Amino acid sequence: MSVAETLAAVRPRSSRAVAFLVFAIAIALIAATPFLPNYYIRVIDSLLIYILLGIGLNIVIGYTGLLDLGFVAFYAVGAYSYALLASPQLDLHLPFLLILLVAACLGAITGILLGIPVLRLRGDYLAIVTLGFGEIVRIIINNLDWLTGGPKGIARLDKASILGIQIARPVDFFWLLLVVVLLAGLVAWRLERSILGKAWAAIREDQDAARGIGINTTNAKLAAFATSATIGSIAGAIFGASQRFVSPESFTLQESVLIVLMIVVGGIGNILGIVAGAAILILLPEVLREFAEWRILFLGLLMIFLIIVRPAGIVPRSFGPDKLIRRLIGK
Amino acid sequence: MTLVFDRLRKEYGQVVAIDDVTASFAPGLIHGVIGPNGAGKSTLINMTAGSYTVSSGSIVLDGKRLDRLKKYQIANSGVARTYQNIRLFDQMTTLENLEVCFYPTDVGGTWKEVLWPPYASSRRDRRREKCMEILRFFDLQGHADAEAGSLPYGRQRMLEIARALVCNPRVLLLDEPAAGLNHHETAELTARLAAQRSPDRITIIVEHDMDLVMALCDNIIVMHHGKLLFQGTPAEVQASTDVQLAYLGTANDIDDIRAAAQDRRAQLGIRTRRRS
Ligand SMILES: Nc1ncnc2c1ncn2[C@@H]1O[C@H](COP(=O)(O)OP(=O)(O)OP(=O)(O)O)[C@@H](O)[C@H]1O
Ligand SMILES: [Mg+2]
Numbered sequence: 001m002s003v004a005e006t007l008a009a010v011r012p013r014s015s016r017a018v019a020f021l022v023f024a025i026a027i028a029l030i031a032a033t034p035f036l037p038n039y040y041i042r043v044i045d046s047l048l049i050y051i052l053l054g055i056g057l058n059i060v061i062g063y064t065g066l067l068d069l070g071f072v073a074f075y076a077v078g079a080y081s082y083a084l085l086a087s088p089q090l091d092l093h094l095p096f097l098l099i100l101l102v103a104a105c106l107g108a109i110t111g112i113l114l115g116i117p118v119l120r121l122r123g124d125y126l127a128i129v130t131l132g133f134g135e136i137v138r139i140i141i142n143n144l145d146w147l148t149g150g151p152k153g154i155a156r157l158d159k160a161s162i163l164g165i166q167i168a169r170p171v172d173f174f175w176l177l178l179v180v181v182l183l184a185g186l187v188a189w190r191l192e193r194s195i196l197g198k199a200w201a202a203i204r205e206d207q208d209a210a211r212g213i214g215i216n217t218t219n220a221k222l223a224a225f226a227t228s229a230t231i232g233s234i235a236g237a238i239f240g241a242s243q244r245f246v247s248p249e250s251f252t253l254q255e256s257v258l259i260v261l262m263i264v265v266g267g268i269g270n271i272l273g274i275v276a277g278a279a280i281l282i283l284l285p286e287v288l289r290e291f292a293e294w295r296i297l298f299l300g301l302l303m304i305f306l307i308i309v310r311p312a313g314i315v316p317r318s319f320g321p322d323k324l325i326r327r328l329i330g331k
Numbered sequence: 001m002t003l004v005f006d007r008l009r010k011e012y013g014q015v016v017a018i019d020d021v022t023a024s025f026a027p028g029l030i031h032g033v034i035g036p037n038g039a040g041k042s043t044l045i046n047m048t049a050g051s052y053t054v055s056s057g058s059i060v061l062d063g064k065r066l067d068r069l070k071k072y073q074i075a076n077s078g079v080a081r082t083y084q085n086i087r088l089f090d091q092m093t094t095l096e097n098l099e100v101c102f103y104p105t106d107v108g109g110t111w112k113e114v115l116w117p118p119y120a121s122s123r124r125d126r127r128r129e130k131c132m133e134i135l136r137f138f139d140l141q142g143h144a145d146a147e148a149g150s151l152p153y154g155r156q157r158m159l160e161i162a163r164a165l166v167c168n169p170r171v172l173l174l175d176e177p178a179a180g181l182n183h184h185e186t187a188e189l190t191a192r193l194a195a196q197r198s199p200d201r202i203t204i205i206v207e208h209d210m211d212l213v214m215a216l217c218d219n220i221i222v223m224h225h226g227k228l229l230f231q232g233t234p235a236e237v238q239a240s241t242d243v244q245l246a247y248l249g250t251a252n253d254i255d256d257i258r259a260a261a262q263d264r265r266a267q268l269g270i271r272t273r274r275r276s
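Those sequence lines, one after another, are chains E and D. Position 135 (the first sequence) corresponds to 135 in the UniProt record's numbering; numbering is contiguous. Position 87 (the second sequence) corresponds to 87 in the UniProt record's numbering; numbering is contiguous.
It is possible that part of the hints are untrue.
Where chain E lies over chain D, by a calculated footprint (3+ residues, C-beta under 8 Å) [unchecked claim]: (1) 36-46; (2) 67-76; (3) 93-100.
In case anyone wonders, no lab produced these hints; they're calculated from the structure. Quantities reported herein were computed from a predicted structural model and do not represent experimental measurements. Note that the Cβ used here is the ideal one computed from N, Cα and C, for glycine as well.
All chains should be modelled from the sequences, with the hints used to inform the complete structure.
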């Protein structure tokens, strides 16, 4: 047997083992989380929120190939939807599920509102304009004191509850977020494989040729912006409910950049990659907390290292969830 | 009904690329467009497909003005094209390159596809069946799951034509399909293009390869400095001294035109990938 043949015989089995390992770790983590101290559960909650944000932004960046640096605006729209509709601020106390729905709609609308003016832009120009959009939304929130409380933010948000079950402890949010992340991941993944997802990919590869085969790129791009923003806004509403306090500080450019980084480091266009990217960029700083000022340096070095050894991300685009599942069932 | 150019004109600032061209193209025939470099052949294709705007005049297909439509609407009116420099969706597979062409007909069912997996798979199977049929016609079925950008140059040319044909277009526009192909591949291409001929289809081929044009075309248009210089059957074009003058500056044999075209083809580099 030649070396190549031996490798070919071994690789499927070992990659199957890797798939099992990944799956086992995920299950073990999920099962163990409820028994962890609250501090750790909070960290995992925030990890899940970032994964959710990553899934949303990836639709625009990874699937459609449009570099959006203002994603945090949609996150803010969701968070402030909850803050305004479930707090003493306007003395409104709507049920959580209804607010989620409102936040989703508002997210889609803002997504389209951002999408329309930037339809003609690509690459660097698009990045700059969306960056500006993100900042504008934050500055508006900062200055609209009578409504948003300005820099002080809005405090004493209602405790969330779903059908009479209170969602207040970190562990409650853990289960809620887990369900939402799985749902959003499933929808995003199925969208990618749908005919619309193929059109997004065609726009990413060659927008003009995409028009040449009859794709209305305006509609396809707005659909991408809208679904992406909807997921971002839902993440924001859950974030608001879990913090029970919102302020403009949570929605800075840095957040947008962090989410983009997560996607790039993890594997652009791939949901599994986002999970990996989020795990590194969100969990590692927590783990390295003791090293205080050194951790940013360390993270920077790690990122440079990853970009050099895995330029396509930790999990490349071609290794999607379908591949993982196929490996697990051994086909 | 036909495809009609009426006093079609294209200006780039001071440059007149197309100078009041009037022509009509009947279905069932293969129309060749030839002419020296810079004659305006690609500009004609680009205006018909909606890639470029029309400065004045009109393009009418089956009584419908095309020149006022957007590019995607023109495509949806049944106009398909290939590009002088191949433009595939490089990071998508060969099969996906064709599958995505069904977007205009299938996009309405997107949410159903997302929410109801059996519907999605039946839709996908139907699309893929049609795609595989075309892939087999172009002998590309073995490459179905390969990334389009990784195919050899000659296969990429074939795939681009397959992509144009997959939705059974009314008008097929080919901009130098034989550029960069070797003799063997050019012969294969000629055979495939002859085989795709159908009574409803208007095929327009821009090409420098005289053998291909003479073998395939029923009707040839000769462009020169943006003007329609000559129109006729292959035999008439070969006999015309005007055409020889346009190409070579002197009245010469068609063989010299062929040699000139061959030189030019040798200069064409193999396509480089756009992506870093
Ligand atoms: N975008 C543009 N801007 C300005 N001038 C252009 C543009 N595109 C083409 N031209 C000019 O229009 C004329 C016709 O160009 P076109 O590409 O249609 O020629 P062609 O017949 O396809 O030539 P070739 O055989 O080299 O492909 C040329 O003089 C060219 O320089
Ligand atoms: Mg040309």
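Hint check:
no. : hint   : result
1   : 36-46  : violated (count 0)
2   : 67-76  : holds (count 5)
3   : 93-100 : holds (count 3)
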